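Chemist: Below, each chain spelled out in residue letters.
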Amino acid sequence: MIKTVKNLVIGVKVLSAKMLEHSALWLALSTLALSTLIGCDEAVNSDYEEQIVVSAFLFEGQPIDSVVLDRTVPFGEFFDASTTGVEDAKVSVTVDGKTYQLLEGTASGYVPGRYYLPASDLIVTAGKTYELQVVTADGKHHVKASTRVPQPIRFTGIIDSLRRAGQGIMDTVVLDTNLFGGFVLPITAGPTPGGFAEPNQKYMIQVLSYDTLKKINTPIQGPPVDTASFSRYSFLQTAPLVPLSARLFGAFGRNRIAILAVDTNWVDYQRQVVNGRFLGYHPSLNHVEGGMGVWGSAARDTFTIYLKPKE
Amino acid sequence: MKFSRLLLFLFLILFVFFQPVGSQAVTTSPPLKVAIPDSLDAIIAGFVRDSTSGETVIGASVRVRALKLGAVTNKSGYFALHVPSGRNITLEVGSVGYRSATFVTTFATGEERQVTFNLLPSSIQGAEVTVESDREKERQEPQVSRVSLQPSQMSNLPKAGEADLFRILQLLPGVQTASEISSGLYIRGGSPDQNLILLDGSVLYNPSHFFGFFSTFNPDAIKDVELIKGGFPVEYGGRLSAVVSVTNKDGDRNQTNGKLSLGLISSRGTIETPIGSGALSLSGRRTYLDIILDATGLAKELDIPSYHFYDFNGKLTQNPGENDKLSLSGYGGQDKLDYKSDKAGSAIGMNWGNRSGALDWTHVFKSNLFSKLDFHASNYYAQLDAGAAGGEGFTWDNQITDYTLNGSLEYFYQQHHKLKLGFQGSLYQFKFKVQSGNNPPGADLNLKPLYVAGYIQDEWTSDPFAITAGVRLDGITGRSELGFDPRISARYILSPQITLKASVGMYHQYLKLASNPTLSVFDVWLPVDSTQASSYATQYILGLSMIPFEGYILEIEGYYKDMRNLAEIRPGIISGHTLNDVFFLGNGWAYGGEIFLQRQVGNLTGWLGYALAWTRRKFPDINEGETFAPTYDRRNDVNLVLTYRLSDRWNVGTTFVYGTGQAYSQTTAFMQIREPEYQGPLLAIPGKKNSLRLPSYHRLDLSATYSFSLFSDKRNATFDIDIYNVYNHRNTWTRQVDQTVNPAQINDIKLLPILPTFGLQVSF
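Here the protein sequences come in this chain order: A and B. When the first sequence is numbered by this note's numbering, its final residue is 311 and no position is left out of the sequence of numbers. When the second sequence is numbered by this note's numbering, its final residue is 1075 and no position is left out of the sequence of numbers.
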C-alpha cells in the first residue's frame, strides 16, 4: 500500500514536471491572458447625494444672528449661491437645557436660507456648549452639531508694536512699497483681565481691507478678494503672537485686524481652507452630523489701522 | 493574526528539531539521487574576484557538477564549500557577466584551503554560464522574489536624460511608481516608506533628488543591486515590504581608471585606483542648469529660482591581512534651491539631502566561519527658510540621524547547513521643528529612540529541498512591545528546469512616514510612541521558476500581504505632539501575481514583466470607514525591456510600459460656506475615496548607443541618444477641477511629451 502511494506520488511529480517543461510557454501565455481578463478595472462611480450645508459662526458676547442653510450642488450644474438656500426648516439651538427656536430671515428682513435669534432672546456666552438641531421641511434631513464657545480674548500688544514700527502716529502705518519684506508688526493678544485660555486653544488672525480700490501691487501673493469687495486674509495660529507682514494687506486705507480664539469646529474648517483656497474636503474634519459645513464659535477682538504708502 | 504567528512559530520549531541533519539526507532525496561521498571532510573557501579590477563578485557560483555540490558568494564575494578528500574534483566558477572557469584539484583529509578565483569579464554573455549560475543560485538560496541587477544590464536602456537606478527597478513586475516624474518605489502594495533602502549597508531615508524625479544613486558607482520584493530574510528588518540593497564598487585594485559621463541634465565622473593593499573609488555628479541660467542671464531675466543637486561617493578598501578586509565608505548628496527677490523682500532657501558613512570589517576566522562588523551613520535633512526679514519668516527643519552597529556571523558548519546570526543596534535622532515668525514652534520634536534587533537563521540545502528558517526579535525604546518575526522560505526542485518556491514571514516596522503628497522633500519620519503601535505585516509568497527555453528564465509568483497599524497622515495638521496627532491608524492588504520572463544571454537581452495586483486600505477615519484603494493600486502592469547588440559598435534598447490608470477621487458636488463678512470659497466635495481611475498609462522609449575611440587606441567612449515617449502620448498625471468656470470642469494635467536627450561617456 505504502509502495503504491509512493509510486503514485513519484508518477504525479514526473508527469507534472514533464507537462510543465513542455508547456512552459503556453502556461505563461495563458496565465497572462487569463490575468489580463480578470484584471479589468471596475470604476466605481460616486453617486451624488444632496447634503445640507450649515454656515454658522457664533461670537462670544454676540447674538446668534446668522445660521445659513444651503444645499449642495451636483458637479456639472451651474452654481448660483442665491438659489441654494434651504427655506422653511425647523432650526433650534439648545443651551443650558433650554431650547430656542430660530426665526427665518435676518433682523432686518427675510432672506432665504438664513435663520437668527433676536439679541433679546440669547447672547452667546464663553465656556457654554450650544447645540444645533435642523430638520428640513420635507423631513429628509436631520442635522445636529455642537460647539463650545472659547474664552474672551483681547489685544495686549498693539500700542507697543505700532510704536516699535516707529511711525509716530498710533493708528496710521506707512508701508514702503519698495521694501515689503521690512514691514512687520508684531502684535500680541491674551485673555481678558481675570480670564484664562483653554488648554490647546487655537487662534486665527484676520486682516480685512475695506478700501479695495486702493489695491497694493504686492509682488508677493496677497489675500483673496471676495464678492463683497473685502480683501481678507485668515490663518491659524498656535499662539496669540502675531507678526503682521505686508503680505496680509490687500489694500491701503482702512484695514481691520482681528484676533480670534476659535473652537475645534472652526479650526477644522480652516484647516481645509488656506488663503481662500480650498485644500480638500476631509470627512474627518466635518463636525456636522447628518450634513456638512461649520457650526463654530469664537471670541474676538479687533482694531483698525490706516495704511498709507510711503511718499 | 496571532494564530498565523503561532502556526509559523510551530513550523519553525518543527524545522529546527526534526529536520534531517547531515549529508545522509541528501542521498535519500529522490528524484535527483546523486552519488555523494559519505564524507565531505575538506573545505575550500575564499573570494571570487573580477580578474581585471580585482573587485569581489557577488552571487558567483562555485560548484562541483559531478557531485551536485555548490556554493554562492555572499555580498562580500566570499564562499565556503565542503568537498570530499582524496579524489580529483573539478570546480566550476561562474557568474553573470563573466566567463566561467574550471579548476581540477585534490584535497587532503580535513584540509581547509583558502583560495581566490579570478573571473574574466565577458561582453557577450554565454548561455551556459548564465543558466548554470542561475541554477546554482537557486539551489543554494531558496530566496523568493529576488532580482539582481548589474550595471551592465542598466547601461544600454533608455535613460530619459539621466540614468537612474530606481527608474529601472520600476520596470520590474510588482514595482510600481506614483507617476513618471517620481522615483518612489511602490512594491507589492507597499508605500515607499515600507522599503528598506541600503547603500553599502547604510539606510537612506529619502533617496531622491530633484523633488523625487531621480534617485540618489550614481549609476557609475554601482557594483550590484539586489531587490527583494517580499519574503526577505531575518538579517533585514524594520520595514514591512521590500529591500533594495545597493553595493558600490570597491575600486580597481590593479590599475587606475576612470569614466566621465556628460549628459543634458548632469555630468558625472568616477575614478578608481589601487592604493595600499586595496583600492580607492571616488565618484561624483552635479546638475548644471543653474550655472547655464546664471551665465546666460536667464535666471535674472525670468526671475526663477536657482536649483542644483550634487552627490559624491567614496570608498576605500584595504586588506590588512589575508583574512581581513576593511572598508570605509561615504556618500553625500544635496539638493539646493534658492530664490531671492530684493523688491519683495522675500527669500526662499531649501536644502535637503542624505549623508552616510560606513566602516566595515570582514574577518575570516576559519574557512567556514565568516564574520562582518560594520558601523554606519546616516543622516537625512530637509531645511526650508521662507519669508521675509523681521521675524515674519517660516522655517522648517527636519532631520533623521541614524547610528547603527551591525554584527553578523556566517557559519558553514556542514555542507548542507549555513548558520547565520547577528545583531543590530541603531540609535536614532529625530529632529523636527516648524516655526512661523516669532510664534512658539508649531512642532518641536527631538526624539532619540534606540532600536535593537537580534536574529538567527539556518539555511539547509539538500537537493531537491532547501529551507531557510529564522527568527528576528526587535524592539524600540518608547514603546513597550517586542517584535517577534519568524520567517521561513523553501524551495523544491521539481526537475532540472522547474523549481517551486514558497515563503511565509512576519515583519515589523517602528518608523512611520508623514508623507507630503506634494513634495517628498517634506516627508517626515517619526518613531512609534505610546499613542500608536508599530506596523506589522504577514507575507505569503508562492512561486515557480523555470527554464522554458535555453537562455530564458521564467518566474511566476503569487503573494498575499496583510498589513496592520498602517499610518495615513491627518489632513491640515497645525501642531502635533504625539503620533496620534499626526496619523490615522488603519489596516491594509495586497495580493496579486507576477510573471517575469527574462533573457540574459546572447545579443538580445531583457525581460517581459506582467503584474496583476490588488491593494486595499481600510481606516476607520478615512472614506467613512469603507475599504479604498490607494492611488498606486494598479490592476495591470506590463513592462517590456529589451537591449540588442547590433554590432561591436552599436547597441539599441527599448522600454515599453503599460499600466492601469491611477485611482483618484472624483468631485461629486460643491458647497459654499458663508463666513462672517465673507462669501467664502466654493468647496468641492469628493465622492468615495479613489473610486475612479485615470486613463491607462503607456509609453515607449528608445535608445541607441555608439561605441568609438576618443584620444585612445581602445574603444573607450560611447555616445547615446535617447527618445523618451516616442509616440508622444501625453499620459495623465492628475485630474483637477477647474472652479474658475461655472459650471466647473475637469482638467487633466498631462505628463511629459516626446523628449530626445543625449549623453557622452568616456573611459580612461
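Certain hints may be false.
[Stated by the list, open to error] In silico DSS-like cross-links for lysine-lysine, where the CA-CA straight-line distance does not exceed 27 angstroms:
1. A:144 - A:90
2. B:999 - A:144
3. A:308 - B:759
4. A:98 - A:128
5. A:310 - B:651
6. B:759 - B:744
7. A:215 - B:759
8. B:999 - A:140
9. B:677 - B:744
It is worth saying that the hints were derived from the structure and are not from the lab. Source: prediction; values computed, not measured.
Chemist: For which of the previously enumerated hints does the structure constitute a violation, in increasing order of number?
Modeler: 3, 7 and 9
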